[in-house]
Amino acid sequence: MSKELFVQGNEACALGAIEAGCRFFGGYPITPSTEIAEDLAILLPKHGGSFIQMEDEIGAIGAVIGASWSGLKSMTATSGPGFSLMQENIGYAQITETPMVIVNVQRGAPSTGQPTMAAQGDMMQARWGSHGDYEPITLSPSSVQEFFDFTIESFNLAEKYRIPVILAADEVIGHMREKIIIPDKVDIIKRVMPKEKPEEFLPFKAEPTGTSPMAPFGEGYNLPITGLTHDERGYPDTSSPEAHSKLITRLCDKILKNRENIVSIEERMCDDADIILISYGAPVRSIFTAVDLARDEGLKVGSIKINTPWPFPESQIATAAETAKHLFMVEMNLGQMVHEVERVAGNKAKVHLISKIGGELHKPKEILSKIKEIN
Amino acid sequence: MRKEVRIAGFGGQGVILAGIIIGKAASLFDEKNAVQTQSYGPEARGGASRTEIVISDEEIHYPKVQNPDILVAMSHEALIKYMGDLKDKGILIIDPDMIDESEITEFVEKHKIKLFRAKATQTAQKDIGLKIVANIVMIGAITNITGIVSYDAAKQAILDTVPKGTEDKNINAFELGYAMDG
Chain H
268 MSKELFVQGN EACALGAIEA GCRFFGGYPI TPSTEIAEDL AILLPKHGGS
318 FIQMEDEIGA IGAVIGASWS GLKSMTATSG PGFSLMQENI GYAQITETPM
368 VIVNVQRGAP STGQPTMAAQ GDMMQARWGS HGDYEPITLS PSSVQEFFDF
418 TIESFNLAEK YRIPVILAAD EVIGHMREKI IIPDKVDIIK RVMPKEKPEE
468 FLPFKAEPTG TSPMAPFGEG YNLPITGLTH DERGYPDTSS PEAHSKLITR
518 LCDKILKNRE NIVSIEERMC DDADIILISY GAPVRSIFTA VDLARDEGLK
568 VGSIKINTPW PFPESQIATA AETAKHLFMV EMNLGQMVHE VERVAGNKAK
618 VHLISKIGGE LHKPKEILSK IKEIN
Chain G
168 MRKEVRIAGF GGQGVILAGI IIGKAASLFD EKNAVQTQSY GPEARGGASR
218 TEIVISDEEI HYPKVQNPDI LVAMSHEALI KYMGDLKDKG ILIIDPDMID
268 ESEITEFVEK HKIKLFRAKA TQTAQKDIGL KIVANIVMIG AITNITGIVS
318 YDAAKQAILD TVPKGTEDKN INAFELGYAM DG
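Protein chains in written order, with the working numbering: chain H, 268 to 642; chain G, 168 to 349.
Please note that a few of the clues may not be correct.
Calculated pairs, EDC-like style, for lysine to aspartate or glutamate (alpha carbon to alpha carbon, straight line, at most 16 Å) [claimed, not checked]:
no. : chain 1 : residue 1 : chain 2 : residue 2
1   : H       : Lys521    : H       : Asp400
2   : G       : Lys248    : G       : Asp267
3   : G       : Lys231    : H       : Glu627
4   : H       : Lys630    : G       : Asp252
5   : H       : Lys639    : H       : Asp563
6   : H       : Lys615    : H       : Glu589
7   : H       : Lys632    : H       : Asp559
8   : H       : Lys567    : H       : Asp541
9   : G       : Lys231    : H       : Glu633
10  : H       : Lys427    : H       : Glu402
11  : H       : Lys452    : H       : Glu271
12  : H       : Lys270    : G       : Glu198
13  : H       : Lys452    : H       : Glu286
14  : H       : Lys592    : H       : Glu640
15  : H       : Lys270    : G       : Asp327
FYI, nobody ran anything at the bench for these hints, they're computed from the structure.
Please put together the full structure from these sequences, using the hints given.
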């Protein structure tokens, strides 16, 4: 029987993790993400899993990487300061192709900033926070139900593409309560185990899908895991331009070539729209109401909700730039994802930013008055 | 129809739990849509604390309260702090023992506010012998005065939320609040 609950976004995330098969959490509690750790400390032992509070977020992500290589679906949850500390090991998880989920419930920043207030200031950090070339997957929920659903989807994408997936939520969605429906059955992607015998297995072989099966530690497979550039066996090969180019191109291509399979957006009333409001995470709630207000006044306004900020939905936003005259990016920072919209829109549509910082969600009327300024 | 409710008091009175129960009653037991949010931060400990609930038959997009239709005040400080954006002709429910009414008379008259009094704290203390159930008494009063949630839904949500072993005292508190004639 499906179950209905009235819970906070952070609680929904913890419940989604359990449904997805997560059996390890390593973390360090931080506002406004703490309820995720708190709930998983209770839930994981009941489901045969483990919870560990580490000494800091560097240790936390290290524990998660290790747990993933021991065969468990693993995650951590944090906010800006902890997410900054995790950046080096996010790169390590990228190059070692370690599936895991990192939840970042964003708060006012830089530094310790506004611990209890909402923000979306870590979007470019999700994209470029670790050094080097890599292609991340990032999801942003706009409701409590989506925080549950996207947590499951994050685990599925992590396993499918063998990468660390970043779930970039915000304090608004983390702390508000709404009804969620937990279905009887959820679609789960299980980790693919190698078919070869241990002595024949190449842990980093470039399969046609771009991703190779993953053997856990302790099952007899030889698993040299290193952050250095490596060959298909996992052995370091740090001075060959070809080896480096082959590895990093494969890691990026497994995401880029599957962009259309990963990207998810939701369009509303865009067909006849001169103006399209674009957002992700909590401000999506404001743009939906703003579209209703604008339509009541006879303005041709539509909206695009981005579920996957990374990889950025390029072709979808490019199409919007062709059909609408004005694109408005609505985000809780001083302008981050708007640069992607500008890049993709080129000179086909005029791109505007409606930014807001300080911790409060955009009011629908504020958005409406910004739209009217261009008319 | 979108209805916005704000419940305010001082930290420790259980106003946030009251908000959760009302949101749960509306969304799980009345089968409407509801979003509950709360003040969150240093001010939630001690000073003025508040919770907000949006209830609607339709999908709720913008989740925050802008101009409450209903304001419930369990402390004077919270009332003064959060009264300003109550809708004209809106409903104001106060716990009269916690509030100096002389300070709000002008506001109530000017904005044609419908004022109700629910002695939640006194009832909890005298009739139940437990001051901490004042929030549940207030849920009874809110349910009766506003009809924002149904009687059955409110009761089910209370039973679904309060700790095991405290059901009787909490339902008793709810019934006493529901029976008050504001």
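Here is how each hint holds up against the structure:
{"no.": "1", "hint": "H:Lys521 to H:Asp400", "verdict": "holds, 13 Å"}
{"no.": "2", "hint": "G:Lys248 to G:Asp267", "verdict": "holds, 14 Å"}
{"no.": "3", "hint": "G:Lys231 to H:Glu627", "verdict": "holds, 10 Å"}
{"no.": "4", "hint": "H:Lys630 to G:Asp252", "verdict": "holds, 15 Å"}
{"no.": "5", "hint": "H:Lys639 to H:Asp563", "verdict": "holds, 13 Å"}
{"no.": "6", "hint": "H:Lys615 to H:Glu589", "verdict": "holds, 6 Å"}
{"no.": "7", "hint": "H:Lys632 to H:Asp559", "verdict": "holds, 11 Å"}
{"no.": "8", "hint": "H:Lys567 to H:Asp541", "verdict": "holds, 6 Å"}
{"no.": "9", "hint": "G:Lys231 to H:Glu633", "verdict": "holds, 14 Å"}
{"no.": "10", "hint": "H:Lys427 to H:Glu402", "verdict": "holds, 14 Å"}
{"no.": "11", "hint": "H:Lys452 to H:Glu271", "verdict": "holds, 14 Å"}
{"no.": "12", "hint": "H:Lys270 to G:Glu198", "verdict": "holds, 14 Å"}
{"no.": "13", "hint": "H:Lys452 to H:Glu286", "verdict": "holds, 9 Å"}
{"no.": "14", "hint": "H:Lys592 to H:Glu640", "verdict": "holds, 14 Å"}
{"no.": "15", "hint": "H:Lys270 to G:Asp327", "verdict": "holds, 14 Å"}
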